[in-house]
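Starting from the known structure of chain S, fit chains H, R, E, Z and U onto it as the hints suggest.
Protein chains: 6
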Amino acid sequence: MSEIVSVYRKEHFNSAHRLNNPKWTPERNKEVFGKCNLPNYHGHNYELIVKVTGEIDPATGYVMDMKVLSDIISEQVLERFDHRNLNEDVPEFKELNPTAENIAVVIFRLLRPAIDEHLALQIRLFETPRNYVDYPASS
Amino acid sequence: MSEIVSVYRKEHFNSAHRLNNPKWTPERNKEVFGKCNLPNYHGHNYELIVKVTGEIDPATGYVMDMKVLSDIISEQVLERFDHRNLNEDVPEFKELNPTAENIAVVIFRLLRPAIDEHLALQIRLFETPRNYVDYPASS
Amino acid sequence: MSEIVSVYRKEHFNSAHRLNNPKWTPERNKEVFGKCNLPNYHGHNYELIVKVTGEIDPATGYVMDMKVLSDIISEQVLERFDHRNLNEDVPEFKELNPTAENIAVVIFRLLRPAIDEHLALQIRLFETPRNYVDYPASS
Amino acid sequence: MSEIVSVYRKEHFNSAHRLNNPKWTPERNKEVFGKCNLPNYHGHNYELIVKVTGEIDPATGYVMDMKVLSDIISEQVLERFDHRNLNEDVPEFKELNPTAENIAVVIFRLLRPAIDEHLALQIRLFETPRNYVDYPASS
Amino acid sequence: MSEIVSVYRKEHFNSAHRLNNPKWTPERNKEVFGKCNLPNYHGHNYELIVKVTGEIDPATGYVMDMKVLSDIISEQVLERFDHRNLNEDVPEFKELNPTAENIAVVIFRLLRPAIDEHLALQIRLFETPRNYVDYPASS
Amino acid sequence: MSEIVSVYRKEHFNSAHRLNNPKWTPERNKEVFGKCNLPNYHGHNYELIVKVTGEIDPATGYVMDMKVLSDIISEQVLERFDHRNLNEDVPEFKELNPTAENIAVVIFRLLRPAIDEHLALQIRLFETPRNYVDYPASS
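Residue numbers (this note's numbering), protein chains in the order written: chain S, 156 to 294; chain H, 156 to 294; chain R, 156 to 294; chain E, 156 to 294; chain Z, 156 to 294; chain U, 156 to 294.
Next up, chain S with everything else stripped away, as it sits in the complex:
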């Protein structure tokens, strides 16, 4: 068989963050971001689902070895984000507000070069069990 399949790997990391736009006044930040703007940070158990789409390799029956994908996610994402403060410890968020949307875009950009260019990539990120995002958008 040489069929096109999407494969998914779920990982997680625990991070602190706060939402803030440094170009705004504190009042404007508090008004827009509410509790998420509190100064001393809060945090989440982020659940990350990485989706890779491509042809099944007839020799293995795999689109991509999930162990290899898991290792790439660990190296590129978990080692930078897990048990860290996204605002303070992750350079990508020095100037960029660490909303779920922006975190998903940053994760995509960290993973994209590490995955075979023939494979399509999509990121789903759960900030809580009730709030999550997809990048690129799913149709």
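These aren't lab readings, by the way, just hints derived from the structure by calculation. Keep in mind that the hints are not guaranteed to be accurate.
Any copy, or any two copies together, can satisfy a pair, since identical chains are not distinguished.
[Said to hold, decoys possible] Keeping only pairs whose Cα atoms sit at most 25 Å apart, straight-line, the calculated BS3-like set for lysine-lysine is:
1) Lys165 - Lys222
2) Lys190 - Lys222
3) Lys190 - Lys249
4) Lys178 - Lys222
5) Lys178 - Lys190
6) Lys165 - Lys190
7) Lys185 - Lys222
Structure of chains H, R, E, Z and U alone, referenced to chain S:
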């Protein structure tokens, strides 16, 4: 960044309903809908996932403020459906069988005018953990 | 081995109900039960976990065959409650308010005679993923 | 209404399997498949989600009766796979490595002829809660 | 009926924290607490389950109104902990390491005076889906 | 504080097994164990929750370091059971039927010597999301 992202918000409501086509005989209704046609209603913990797709606003890092989306869902859907009898209390189902498919279409129509027209909208509705629907259909 | 083990079987049923004390005025019922008192019923996907505790039978390695337990639950509980209106269709709730607490006690009484008297029995009932009860109380 | 909706039905089966390419040496198989290549098999609680997309039938409010879909899945998939050894008991895997990807393709081919040709079909298969696949690939 | 039942209410809060014993050297703290000792905090979606055990009130069918319990948890716990930094913002953890064990004990002490003394109280706290604690210990 | 707390760690393993009593005829085995007796094995994603109860250590705030507990579970249980055939590869089940009850007792006996004798130990094992056991029995 001005990337296209899908954001999801999960809410729930608890409602009673029964399935019935008033143009059919009771026998035909019982044959087609089985236990779901029993006259005194049954009910569900409906889980509702609202998906909104659009560009990230560079000022906030949001596609849409999830608190605003949650408030819109409460006003447009939960206040009409939660702890109600869909057949008896919700005008949209006076003539329309409250299957998961039809409930999802009705929810879409209630939410669509309340959400910015530049944002795409999709409804996922779980009737039980094992039966759920998407409207519009996902590709 | 003849060790004491607890075994658990999870089942579910979907029912309509409303909360009401017929000895009270409508105002008092509305004040105490809020939306749960609305007249046309609402409903739930009830998740039922039946726990049976006893010695492992050395011939089978079972405390109790889960298929047998599942069949007993179907006969004694699901056939009476599933896709029914608890207030209207289940005689035990003609005089008894169908709160999660009372439903758990009623299920215990329906199951107790059908299960070997040497086995201890406990009921856990989820009314929603965030509200559940145990009868008898766990220590 | 005659709207296009996707409906989903979740089922499960428990099977043993191992991963192996008979054209390779044992060393190569061990290197590629690791623990999944161990000779005496291991197993999974596979969760299967079948998605069917089509128009809502205005007479029923259904895209497809979930009870009918559930019965088709039982007949075509569960009776062949559940409590079986995929490598030993399922002819489709005599020559085909039973990876999640290949199992999803085989399930698609078993179900496709049993479902109305006007309805689109997609398979999601969870091998574990953290590894799952879609066939055809979702966009 | 006047039966003894346990009732459970699930709530959640999102907080930042780090583990540290100020009496130890930084090296000793790093050795014992590993990544949990990193200086800029990380965070969790804490899931809190509050269990209350007592007699069913025959007038209501409730051990305790879950709406009242939910409000007490909000006032006593969520308003102090949610979207906060436990080490910096919660006085109870100025001198006490905010492990899951200690957080559960603190939550118990905050809730105990607000709940009827005839009702027994127990706290379950999930730090992650794979790590959780009970206080008092369950038997 | 020196309070008694229960702490829980969740792990998982994937194994093949079949149920069979070698002292019985094949007919009797088939009658009692049904599909679970099929000769070529089936399998499960077993979810294992290990509960340890004891005093909080005031220096760490831990009953037991979850990383240490996780490592003990890996060494004593996962390395023997994961991706294995319980009947063929695990000596404890050469003579003992690998029911969930018996697997839980065997896991308890493997872990008990590796954990401080002042700490109480209990095993919960999920064979499927709907069937699970506790050893020792919970009260």
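For each hint, the structure was consulted:
Taking the closest pair of Cα atoms, Lys165 and Lys222 come within 25 Å of each other both inside a single copy (12 Å) and across two copies (21 Å). For a Cα distance limit of 25 Å, the shortest separation of Lys190 from Lys222 across copies, 11 Å, qualifies, whereas the shortest one inside one copy, 38 Å, does not. Taking the shortest Cα distances, Lys190 and Lys249 sit within 25 Å of each other both inside one copy (20 Å) and across copies (21 Å). In this assembly of identical chains, Lys178 and Lys222 lie within 25 Å of each other by CA distance solely across copies; the values are 22 Å between and 42 Å within a copy.
Taking identical chains as interchangeable, the C-alpha atoms of Lys178 and Lys190 lie at most 25 Å apart only when both belong to the same chain, with a minimum of 19 Å there against 32 Å between chains. In the homo-oligomer, the alpha carbons of Lys165 and Lys190 lie at most 25 Å apart only across protomers (20 Å), although the nearest pairing inside one protomer, at 28 Å, exceeds that limit. For the homomeric pair Lys185 and Lys222, the shortest alpha-carbon distance between copies (14 Å) is at most 25 Å, but the shortest distance inside one copy (43 Å) is not.
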